[in-house]
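Listed here are the chains, written in short residue letters.
2 protein chains.
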Amino acid sequence: MLYVVGLGPGEKEKMSFEALECLKQAEIIVGYTTYIRLIKELVGDKEIVSTGMKQEIDRCKKAIELAQSGKEVAVVSSGDAGVYGMAGLILELVIKLEEPIEVKVIPGITASIAGAALLGAPLMNDFCHISLSDLMTPWEMIEKRLHAAASADFVICLYNPRSKGRPKHLVKALEIIQQYKSGDTIVGLAKDVGRKKELGILTTIQDLDETLVDMTTVVLIGNKETYVSNGQMITPRGYQL
Amino acid sequence: MLYVVGLGPGEKEKMSFEALECLKQAEIIVGYTTYIRLIKELVGDKEIVSTGMKQEIDRCKKAIELAQSGKEVAVVSSGDAGVYGMAGLILELVIKLEEPIEVKVIPGITASIAGAALLGAPLMNDFCHISLSDLMTPWEMIEKRLHAAASADFVICLYNPRSKGRPKHLVKALEIIQQYKSGDTIVGLAKDVGRKKELGILTTIQDLDETLVDMTTVVLIGNKETYVSNGQMITPRGYQL
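As they're listed, the protein sequences go chains A and B.
Every letter in the first sequence is one number past the one before it in full-length UniProt numbering, and letter 229, counting from 1, is 229.
Every letter in the second sequence is one number past the one before it in full-length UniProt numbering, and letter 49, counting from 1, is 49.
Note that these hints are calculated values from the structure, not bench results.
One should not assume that every hint holds.
[Stated by the list, open to error] Here are some, though not all, of the chain A residues that point toward chain B, as calculated from beta-carbon distances under 7 Å:
{"hint": "1", "residue": "Gly-88"}
{"hint": "2", "residue": "Ala-148"}
{"hint": "3", "residue": "Ser-151"}
{"hint": "4", "residue": "Gly-238"}
[To be verified] Examples of chain A residues lying across from chain B (beta carbon under 8 Å, computed):
{"hint": "5", "residue": "Glu-13"}
{"hint": "6", "residue": "Phe-17"}
{"hint": "7", "residue": "Lys-40"}
{"hint": "8", "residue": "Val-43"}
{"hint": "9", "residue": "Gly-44"}
{"hint": "10", "residue": "Lys-46"}
{"hint": "11", "residue": "Ile-48"}
{"hint": "12", "residue": "Gly-52"}
{"hint": "13", "residue": "Ala-87"}
{"hint": "14", "residue": "Glu-92"}
{"hint": "15", "residue": "Ile-109"}
{"hint": "16", "residue": "Met-124"}
{"hint": "17", "residue": "Gln-178"}
{"hint": "18", "residue": "Gln-232"}
{"hint": "19", "residue": "Leu-241"}
Even glycine gets a Cβ: it sits at the ideal position worked out from N, Cα and C.
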């Protein structure tokens with residue numbers, strides 16, 4: 001059996017009972033070095049295969065090989081493994097096998113959901129997720145989705161918003177979004193959610209300091225009704241109060 | 001202190017450690033009758049205030065009053081309290097108080113994420129959430145969002161897809177979506193996720209039997225690359241394999 005386990009963001013507190021149970025049952029745990037570090041003390045003395053960043057395919061192939069040899073294997077992913085994570089890659093590789101192995105995806109709390117809770121309640125009306133990484137989706141498609149989401153006033157969660165290799169993607173995205181949403185639309189930044197240094201920042205599209213945003217940040221852009229009060233980012237559901 | 005706690009879908013397995021910790025710390029737990037039933041055995045002998053459906057405002061006001069009296073109170077919500085849930089309503093009510101009380105939102109696994117894990121990995125590329133309930137969002141706005149999301153080929157998660165009071169909303173939504181997505185686009189239904197009777201169903205837009213869909217169902221509509229293999233709904237991330 002191969003489990004693909006979403007650990008939730010940060011440390012144990014946001015992990016599900018089912019996820020920890022899988023880690024305990026597994027004989028071997030496979031994951032990106034940073035995530036392995038987060039869970040190492042939870043799982044005790046267990047075989048661990050950790051690999052560096054951008055080695056997703058190798059990591060998944062390794063996990064599959066181990067599962068084929070009859071081991072109980074857990075591949076771990078931060079947040080939810082099914083949101084831009086390892087789950088799809090594992091399933092895509094497994095269906096190519098002559099004798100498919102059994103795979104079970106264990107859901108986790110994804111960054112947008114945990115970030116929203118940190119900031120208040122920004123996701124109370126329709127919202128979408130867009131990754132600004134164009135490593136695997138053409139930038140033109142990302143732009144098309146930004147136009148669509150902003151024009152219909154979705155709350156927008158941006159994943160992979162800015163990295164050294166893509167320093168200008170966030171600014172380009174906000175330019176598109178501002179064609180539809182006003183400059184004073186509320187923006188929430190949730191950084192390092194679930195870790196000791198977690199930080200929520202509330203600002204607006206026009207006042208956003210892009211240098212505060214890195215790969216550990218999820219960017220939540222409100223709809224036209226989103227407001228800030230008492231330090232909380234709130235998108236009204238529409239109740240008459 | 002007032003905690004707004006997302007329980008995750010279904011039973012204890014998909015709850016976070018932090019959520020259970022809050023339930024244990026709380027002196028009083030407030031929630032919709034069905035959710036209270038799910039957690040009753042976890043929290044032991046504790047004061048419980050349960051209210052029926054559609055009494056959200058009363059329930060939240062009651063929880064706030066109890067917290068104002070100095071009690072530690074947890075309001076519980078299925079899935080994540082910040083996704084069309086109680087978190088926003090609580091915060092909106094609290095900011096109207098002369099002396100605001102402290103509120104902490106505890107995130108949970110929302111239905112789309114858990115449903116996706118049950119079905120495979122349909123959320124590996126950009127996706128959005130649209131509620132088909134027009135109790136608080138005008139239907140014209142919902143239609144606008146359906147057009148936008150389908151035209152930019154988002155994976156679409158439909159919440160509140162069909163109820164006795166809204167038997168035709170799903171069909172109307174699929175008609176709009178079919179203006180952009182072909183009839184053979186994969187649709188996954190995730191019903192009663194996390195409960196004993198949970199059920200995943202894979203079909204297409206044109207073959208969907210709408211009578212299978214009820215308020216415990218989340219409907220996931222793929223993008224143009226989504227496919228089914230080995231009983232799994234997979235949206236490719238874009239890796240060259």
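Results for each hint:
Because the smallest distance between the Cβ of Gly-88/A and any Cβ of chain B comes to about 4 Å, under 7 Å, the interface hint for this residue holds. About 4 Å separates the beta-carbon of Ala-148/A from the nearest beta-carbon of chain B, less than 7 Å, and the hint is met. The criterion of a C-beta within 7 Å of any C-beta in chain B is met by Ser-151/A, whose closest approach is roughly 6 Å, and the hint holds. Evaluation of the Gly-238/A hint against chain B yields a held restraint, the C-beta minimum of about 3 Å falling below 7 Å.
Checking Glu-13/A against chain B: minimum C-beta separation of about 4 Å stays under 8 Å; hint holds. Satisfaction of the interface hint for Phe-17/A is found here, the shortest Cβ-Cβ separation to chain B being roughly 5 Å, below the 8 Å cut-off. Below 8 Å, beta-carbon pairs count as interface contacts, and Lys-40/A has none with chain B, the closest being about 17 Å; its hint is therefore violated. With its C-beta approaching chain B no nearer than about 15 Å, Val-43/A sits outside the 8 Å limit, and its interface hint is violated.
Against a cut-off of 8 Å between C-beta atoms, the interface hint on Gly-44/A is violated, since the closest Cβ of chain B lies about 17 Å away. Taking 8 Å as the C-beta cut-off, the interface hint given for Lys-46/A is violated, the closest approach to chain B being about 20 Å. Taken as an interface hint, Ile-48/A does not check out: its beta carbon lies about 21 Å from the nearest beta carbon of chain B, beyond 8 Å. For Gly-52/A, the interface hint is violated, since its Cβ never comes within 8 Å of a Cβ in chain B; the closest pair sits about 17 Å apart.
The beta carbon of Ala-87/A is positioned within 8 Å of a beta carbon in chain B (closest approach about 4 Å), and the interface hint is therefore held. Checking Glu-92/A against chain B by beta carbon gives a least distance of about 6 Å; that is within 8 Å, so the hint holds. At its closest, the beta carbon of Ile-109/A sits 5 Å from a beta carbon of chain B; the interface hint therefore holds under the 8 Å criterion. Taken as an interface hint, Met-124/A checks out: its beta carbon lies about 4 Å from the nearest beta carbon of chain B, inside 8 Å.
Interface hint at Gln-178/A: violated, since its Cβ lies 17 Å from the closest Cβ of chain B, which is beyond the 8 Å cut-off. Using the Cβ-Cβ criterion of 8 Å, the hint placing Gln-232/A at the interface with chain B is satisfied: the shortest such distance is roughly 5 Å. Contact between Leu-241/A and chain B, as hinted, is supported at the beta carbon level, the nearest pair being about 6 Å apart and thus within 8 Å.
Going down the numbered hints, you'll see the structure goes against 7, 8, 9, 10, 11, 12 and 17, while the others check out.
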